[in-house]
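Q: One-letter residues, chain by chain:
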Amino acid sequence: MPTYRELLQQTRSEISEIDANQARERIESGEPVVVDVREQDEWDEGHIPGAVHVPRGHLESRIERLAPDPVRPVVVYCSAGNRSAFAAKTLAELGYEDVVSLAGGFTDWKRNGFPVQLQAGLDVPQRARYSRHLLIPEVGEEGQLKLLDSKVLLVGAGGLGSPASLYLAAAGVGRIGIVDADVVDESNLQRQIVHSTESLGEPKVDSAKRAIEALNPDVEVVPYQERLSSENIERILADGWDVIVDGADNFPTRYLVNDASVWHRIPVVHGSIYRFEGQVTVFKPYEGPCYRCLFPTPPPPELAPSCAEGGVLGVLPGVIGSLQASEALKLALGIGEPLIGRLLLFDALTAAFDEVKLRRDPDCPVCGEQPTITEYVDYVEFCSGTREPA
Amino acid sequence: MTKVRIPPTLREQAGGQRELAAEGDTVRELLEDLMGRFPGLRTQLVEDGDIAPFVNVYLEGEDVRTLDGLETEVRPGSTVILLPAMAGG
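Line by line, the protein sequences are chains A and B. Residue numbering for the first sequence follows our numbering, beginning at 1 and increasing consecutively. Residue numbering for the second sequence follows our numbering, beginning at 391 and increasing consecutively.
Hint data in this document are derived by calculation from the structure and do not stem from the laboratory. Where is the CB? At the ideal position from N, CA and C, for every residue including glycine. Do not take every clue at face value.
Stated by the list, open to error - Here are the simulated distance ranges between beta carbons: (1) 429(B) / 189(A): 38 to 46 Å; (2) 376(A) / 439(B): 28 to 36 Å; (3) 451(B) / 229(A): 34 to 42 Å.
Stated by the list, open to error - Capping the alpha-carbon separation at 20 Å, the derived lysine to aspartate or glutamate pairs in EDC-like fashion look like this: (4) 357(A) / 402(B); (5) 110(A) / 45(A); (6) 357(A) / 422(B).
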């Protein structure tokens, strides 16, 4: 049986090695994927910028997701060049065609004064809490840190805001603002799952804050117990939000949110529900249409019953609000294809989704080529039925 | 014959049905057929002789305003979705 030293020597003779200078040249060409096979604590203390991290023990099972192209060159490193020698051999056996190990490892890299990326890093409890995110290559530690640093404003802590707030909180969105003037009413509890029987009569923002903080203490909840209006929206937006989730229950608020979001260039994840059907889309200012491109004017009030008048299946906002949370997370992470320029329709009775295309209106009064609405209007009057096309 | 999806906010004016079959070679003819049978739909769908600004009409997923509006030709067997604004949350 060979000793460790003999095995290492044997392995090193079977692989290619480069020194720190050669490694730097290769890495700076941008061509190779750089794989760090050290343990988590070593990675946290600093690593080569742009490297992907797979502890040696997980190499075989995880490398395919991180380096799907076997033809792309690989530079693998550890702290001194021993673990990476074994890793290089394994990668060659897995079919990677051009693998080199950094002789002297990260220690030599640092000794040469080459760039090192320090990780802000997740702590141990966070690593456990978000472990299912960390396993997804599109999220990973970097994505999770982005989420923890992201700020999402929820307009409404009702049917849509309830599931959206809980999922965003669970996902680790670092700061969640909630605007809602109402108190929890018995008729809310059939669907507004962020509230509970014991919070009856309590302001919704306080009830939601308590539920969210119980779910995830990493999240800071900023409550705004007020009805969003032309008078307070600038103050609320000044707190700095990356994404707005619109779960309002009335047209004046939806037009107000739209105009403000266009002027502040904040994407809005829009959801609306009625009885068994819901709609979801993303209004990303100037990249896709805005709410006014879709509906230049609201319907006369008598033609647009609300859920309070017409009812809604309790679980419907669960579906639509969760889709809104999913879109908000994608926007915060910068991954996937958000619903920009597409409107998703869901019908719970037939369990079917439909999709229609939305286009920017060049004549849109807010985001068009020659906008005619450039400051807040009286939104209640605008939606009151005495409509004058803008 | 064209299938027209009736949204929940318009169903009361359309006999409670989720989907209606309509006849016509253009969007205008389809809507006229529907509004002839269900007069309550008229104020919900048209305003000043055009599609009302608070409703969108999609033919095979495309907004007919980006096609030829009410004059957009409709092939038999296609699907039309009526989409009024809803505010509920």
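Q: Would you say the C-beta atoms of residue 451(B) and residue 229(A) sit inside 34 to 42 Å of each other?
A: holds, 36 Å
Q: Quick one, are residue 357(A) and residue 402(B) close enough, alpha carbons at most 20 Å?
A: violated, 26 Å
Q: Starting from the range 28 to 36 Å, see whether the pair residue 376(A) and residue 439(B) falls in it by beta-carbon distance.
A: Holds - the Cβ-Cβ distance for residue 376(A) and residue 439(B), about 32 Å, lies within 28 to 36 Å.
Q: Could you say whether the range 38 to 46 Å given as a hint is met by the Cβ separation of residue 429(B) and residue 189(A)?
A: holds, 40 Å
Q: Under the criterion that the straight-line Cα-Cα distance not exceed 20 Å, is the pair residue 110(A), residue 45(A) satisfied?
A: Holds - the C-alpha atoms of residue 45(A) and residue 110(A) are around 12 Å apart, at most 20 Å.
Q: Taking 20 Å as the top limit, are the C-alpha atoms of residue 357(A) and residue 422(B) close enough?
A: violated, 24 Å
This entry does not satisfy hints 4, 6, going by the numbered hints stated previously.
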